[in-house]
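Q: This is what each chain is made of:
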Amino acid sequence: MSATKPRTLYDKIWDAHVVETLPDGTALLYIDRHLVHEVTSPQAFEGLRMAGRSLRRREGTMAVVDHNIATDASRYTGIEDPESRLQVETLEKNVKAFDVPYIPLTDARQGIVHVIGPEQGLSLPGMTIVCGDSHTSTHGAMGALAFGIGTSEVEHVLATQTLLQKRARNMRVTVDGTLPPGCTAKDIVLAIIGRIGTAGGTGHVIEFAGSAIRALDMAGRFTVCNMSIEGGARAGMIAPDETTFEYIKGRPFAPQGEMLERAIEWWRSLPTDEGAVFDKEVVLDAAEIVPMVSWGTSPEDVLPITATVPDPESGQDEARRAQLRRMVEYMGLTPGQKLTDLKVDVVFIGSCTNSRIEDMRAAAEIVRGRRVAEGVRGMVVPGSGLVKQQAEREGLDAVFREAGFEWREAGCSMCLGMNPDKLTPGQRCASTSNRNFEGRQGPGGRTHLCSPAMAAAAAITGHLTDVRQLAAQGRH
Amino acid sequence: MDAFTTLTGIAAPLPMANVDTDKIIPARFLKTIERTGLGKAAFANLRYREDGSENPDFVLNQEPYRRAEILIAHENFGCGSSREHAPWALLDFGIRCVIAPDFADIFHNNSFKNGILPVKLPREICDQLMEDARMGENARLTIDLERQVVVRPNGEEIPFEIDPLRRHLLLNGLDDIGQTMQRASAIDGYEAKRRAAQPWLYQDAAE
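First to last, the sequence lines map onto chains A and B. Using my numbering, the first residue of the first sequence is number 1, and each one after it goes up by one. Using my numbering, the first residue of the second sequence is number 477, and each one after it goes up by one.
Please note that a few of the clues may not be correct.
[To be verified] Take a look, some chain B residues computed to stay more than 12 Å from chain A by CB distance:
id, residue
1, N585
2, N590
3, N614
4, A662
[To be verified] Here are the computed lysine-lysine pairs in the DSSO-like style, where the Cα-Cα straight-line distance is at most 27 Å:
id, chain 1, residue 1, chain 2, residue 2
5, A, K422, A, K343
6, A, K166, A, K12
7, A, K166, A, K5
8, B, K516, A, K12
9, B, K669, A, K5
10, A, K166, B, K669
11, B, K596, A, K249
12, A, K280, B, K596
13, A, K280, A, K12
14, A, K166, B, K596
15, A, K422, B, K516
Keep in mind that the hints were calculated from the coordinates and are not lab data. Small disclaimer: the values here were computed from a predicted structure and weren't measured. For every residue, glycine included, the Cβ atom is placed at its ideal position computed from N, Cα and C.
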């Protein structure tokens, strides 16, 4: 490739990290930041131990616990579930044995790995960032190349600080225009996945661009990049700009002073060049986006909240019809039913998609002066101990508590059904998380993905609700 | 990792698109510190009823598919999380090859690292193989990685594409970490260059 050929943001970060190119075109790609958690690392450390290998670069690595832990006070007196306890204890043993920097459960900075990476300044523009978790795509909002890896690759990075990778194709999703009131970054990304499908980004890295993306704050950008993987792309990214640089200033692991100036100078050279070619382009008009909710068991099965449950017989072929029938049955729906008529049992506000302070504020804004509907369990789970502290300084915890919500400790919680926070079979949940797969939030659980404001609105009325209508109604 | 050369075995039909990793292994089974023993958790939500008994309607609970070594599925197999527990669970159940029109990237990658061969074939061909897989005891396919062909029960050979490096690693059961470690001096050189150009990446945290 000639040096003058216009390049994308992805191309530039990729090129800057190629250590060597193998004869077949596979690159040995250098990894700047490796985030480690308890679920996908034990077998990797065991692999190192068996081969007599050590951690290559301590300062490029950070470990934290998030998936397994309870989000109530019980976690401070010991983890009840013996398997979860063993996994957390194994991580603690491993970080000691391999000298890995670690944020323990008792540390105020503890939280969901994809919240604390940016929060601590561990995730910076221009970096390659990996973690044994598919939602690592979140960090791409910093203007980084960030993607999820399996445990074998975790071991590979621990030992070599590199990965063997093939270059992905470039895809750009442009969202121009102004988002209507009541719509958020979550509605943008759900609309995108609804458009491209869950395999739309397979083999690609998505750059999110356009004025509606530019206008998002960092929390919104994290939400959009977080769900790149639900659109099939291992990584999503947004060009770094003044919003990014402002966010970075003063974060503990971020460069300071003159070093920061030097870094910003380089970061300014990263955005996609004029004339760079994308293999795939998708354009959305922000003005046409409405509050979205998922109705089925794949993240592409989303609809505007004003819609009705689809008729499976409308599927284009028998395979799709069978899939739609299965979804309608699993989700306990009737074709033609209004989505706003679906009663919820649980409302979950949290996860690496939507648990930052801005998400807490958006939900609290809806909840203030209102009550959770009778029979609904409302849970608010901040993404990190620091988000929790900030929310408490702003009095948001009181807003949620007074309305009848549970105000919990930081962790992955009810996003994935591997800690005590789970749905029971048949329960319906309005959730700000990222996956609505069968059983994702607990066996038999029924998930409706939506924004924090939409989830809060559902908690208040007891059914899926168009937040724009609720906003018009009074408070007591 | 076990080498993969030629496999002849029972193929099970799983005519579903978007088989996600939560379906392959639900999160509650991820609380393990081992790679082995996850076969019993493979497809747990489809395979077992609420009381823990087997669901006789699920294909892998039926003969001869309990002994399946090959799975035939529809589009976007393995979408969702990065959990390598998904290929570990398939492998421990006995699956060494999955054939589908396409795969989610991370699952695709994880499979190769564990000696499972993901074979991409067009939907029409997958549909033919799906029919073959419905032949019960006669649902036997041969996957010849050396020659890059799938052999149907009627003897027809279907060629497939595969990345040459991945093919080489699978055929020889090679661990790529050892290979990368032989490039340590190139990595050292790269780090030295980066340290000069982007020194902020190499400073300790302001703790």
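Q: Run every hint past the structure and note whether it holds.
A: Hint-by-hint comparison with the structure:
1. Distance to chain A contradicts N585/B as a non-interface residue, since its nearest Cβ pair spans about 6 Å, not more than 12 Å.
2. Remark: the non-interface label on N590/B conflicts with the geometry, its nearest Cβ contact in chain A lying 7 Å away (cut-off 12 Å).
3. With a minimum CB-CB distance of about 24 Å to chain A, N614/B clears the 12 Å threshold, and the non-interface call stands.
4. At roughly 5 Å, the least C-beta separation between A662/B and chain A is not larger than 12 Å, which violates its mark as non-interface.
5. For a cut-off of 27 Å, the pair hint linking K422/A to K343/A stands: about 18 Å separates their Cα positions.
6. Among the hinted pairs, K166/A with K12/A is consistent with the structure: their alpha-carbon atoms are about 15 Å apart, no more than 27 Å.
7. Under the criterion of a C-alpha separation no larger than 27 Å, the hint pairing K166/A with K5/A is consistent with the structure, at around 20 Å.
8. At most 27 Å may separate the alpha-carbon atoms for a hinted pair to count; K516/B and K12/A exceed this at roughly 45 Å.
9. At most 27 Å may separate the alpha-carbon atoms for a hinted pair to count; K669/B and K5/A meet this at roughly 24 Å.
10. Note on K166/A and K669/B: the hinted pairing holds, with a Cα-Cα distance of about 23 Å set against a maximum of 27 Å.
11. At most 27 Å may separate the alpha-carbon atoms for a hinted pair to count; K596/B and K249/A exceed this at roughly 46 Å.
12. This hinted pair checks out: K280/A and K596/B have alpha carbons roughly 21 Å apart, not beyond 27 Å.
13. With a C-alpha separation of about 18 Å, the suggested pairing of K280/A with K12/A holds against the 27 Å cut-off.
14. Restraint check for K166/A and K596/B: the C-alpha separation of about 17 Å stays at or below 27 Å, so the hint holds.
15. With a C-alpha separation of about 22 Å, the suggested pairing of K422/A with K516/B holds against the 27 Å cut-off.
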